[in-house]
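These are the residues of each chain, in order.
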Amino acid sequence: MTNDHTLDAREQLDLLVSRIADGEAGEGDWAAFDGLAAKHPDAWKALARAQHDHGAMSLAVGVALHAADRVELPSADAAGLFAARRGAPQRVLTWTRLGAWSGWAAAAAVAVMAWNGTLAGVARVPRGGGGNTANIVPTGWTLNTPDEAASAYVDIGRKAGSVVGELPTRPVVGRIPMVLESGERGVRVLYIRQFVEQTVVTDLARMSFDEAGRPVAVPVMPAMPVSGPQ
Amino acid sequence: MSLQEPTQHPSPVAEADGALEAAGDLASFDLSPQGRALIASAIGGDLESLRRLWTQHRRWVAAVLLAHMPRSGWGGGSGPELDDLLQEVAATIVAKISSLRDEAAFKPWLRAVAMSIAKTSGRRTKVRKQGWLKLVSFTGRSRDDDEGDAPGPSSARAQALMEGRRLMDLAAELPDGYREPLLLKCVQGMSYKQIGEVMGLPDTTIETRIARARRMLRERAEKSAEGGHG
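Taken in order, these protein sequences are the chains called A and B.
Counting from 1, one number per residue, gives the positions in the first sequence under the working numbering.
Counting from 1001, one number per residue, gives the positions in the second sequence under the working numbering.
Simulated from the structure, these hints should not be mistaken for lab results.
Every residue gets a Cβ at the ideal spot worked out from N, C-alpha and C, and that includes glycine.
You may find that some hints are simply not true.
To be verified - Which chain A residues stay away from chain B? Per the calculated CB distances, all over 10 Å, these:
id, residue
1, Gly26
2, Trp30
3, Ala38
4, Ala50
5, Ser151
6, Ala160
Unchecked claim - Capping the alpha-carbon separation at 20 Å, the derived lysine to any residue pairs in SDA-like fashion look like this:
id, chain 1, residue 1, chain 2, residue 2
7, B, Lys1223, A, Glu24
8, B, Lys1223, A, Arg49
9, B, Lys1193, A, Glu24
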């Protein structure tokens, strides 16, 4: 009986301490806490500890979650392609590791390819022929392979001013040993092709934190050149 | 020549279909008329409405991912990382939002999608024995260097962050039903009621679970400290 009573009191104290630490306590809760604290001297210590731990953990969770603020919704096309790739039985390179650095740019690149005919089944542009898509795909391009589509993406992007080019290095991000159908041993190598894009903005910021641990955007605009814009 | 494919798992999109059914079973909760209209508009295909919803909800969605994803992805390691998984959630909701029939089921559905993706990532991580190399951004910075952007943290804040991360490590070992509300409470501004709406549980249950989670955490921390000193 005594144990049950002690357990109830402990649970009640835990609840009150937790409620106060969470900032959800009312006057009645404080009165009840005062009453319990009179009988349990450790109550104040428990409250201080709970508040401290909650603050520390909120700070750590806030830091872990600040990546969430960078993740935007993809376009419907990119999401559809993503979903199709996810559901495909022969998936090789997961989108996930492309991550926030490449963001939806990679999905958008695929969307461009789809738009240009490689994935969406649109009539391909014959070599030397413009057809209805002459304003999209430069004359001379054929889009029968991913490499051809990627080249078209770079070429069109360069002309549009949004694509700088492709980096020469292709970082390897995974190696999966496997047995080939012939019985030989093989390795599936996963790598990244790095395309560099550019855009012009009037504001540039990086994520930082204020004194309370809240994520804030800090302007990082570089100084203008002395000679002014060209 | 064909290669031997790795073991297949249900795609997150397929699992999202199951999540959709599960979300429909959860009790409905209060929604403001404006909130309901926004969700209805998003279900109807308005991407701008969905973007607004995403901005409002992505932080707690990230916390749900954090609660259910492999611990290795919380801050580096070989598993998928939080922003990667959040992008999967974003793509999935764009692709599947039109399947949602009841505005009141939006939050539980969003949570179910996040849980499904987090758990699927856990299975993928188990299968994928090889560690992924860390991606380095165009500027040559590792993704984990993000926090380096913050102005020099005070020693008190750095200490609190370290303690918070230690508590998060301990929280990772708590049962799902306790870990999730505890982490959600650390998302700035989330009340017991809001957490209850997300989890489809009464706010009194949420409060009790958080209080018990804190006690478990405290006991584990004390045990860990004793082990460290012993």
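Do the hints match the structure? See the list:
With a cut of 10 Å on Cβ distances, Gly26 (chain A) stays outside the contact zone with chain B, its closest approach being about 13 Å. With a closest Cβ-Cβ approach of about 16 Å to chain B, Trp30 (chain A) is found to remain outside the 10 Å limit, as its non-interface label requires. No beta-carbon of chain B comes within 10 Å of the beta-carbon of Ala38 (chain A); the shortest separation is about 21 Å. For Ala50 (chain A), the condition that its CB be more than 10 Å from all CB atoms of chain B is violated, with the nearest at approximately 6 Å.
With a least beta-carbon separation of about 21 Å from chain B, Ser151 (chain A) lies farther than 10 Å from that chain, consistent with its non-interface assignment. Distance check on Ala160 (chain A): its Cβ is at least 19 Å (rounded) from any Cβ of chain B, clearing the 10 Å threshold; non-interface status holds. At roughly 29 Å between alpha-carbon atoms, Lys1223 (chain B) and Glu24 (chain A) are farther apart than 20 Å, so this suggested pair is violated. Note on Lys1223 (chain B) and Arg49 (chain A): the hinted pairing holds, with a Cα-Cα distance of about 16 Å set against a maximum of 20 Å.
Annotation: proposed proximity of Lys1193 (chain B) to Glu24 (chain A) holds, straight-line Cα distance about 11 Å (limit 20 Å).
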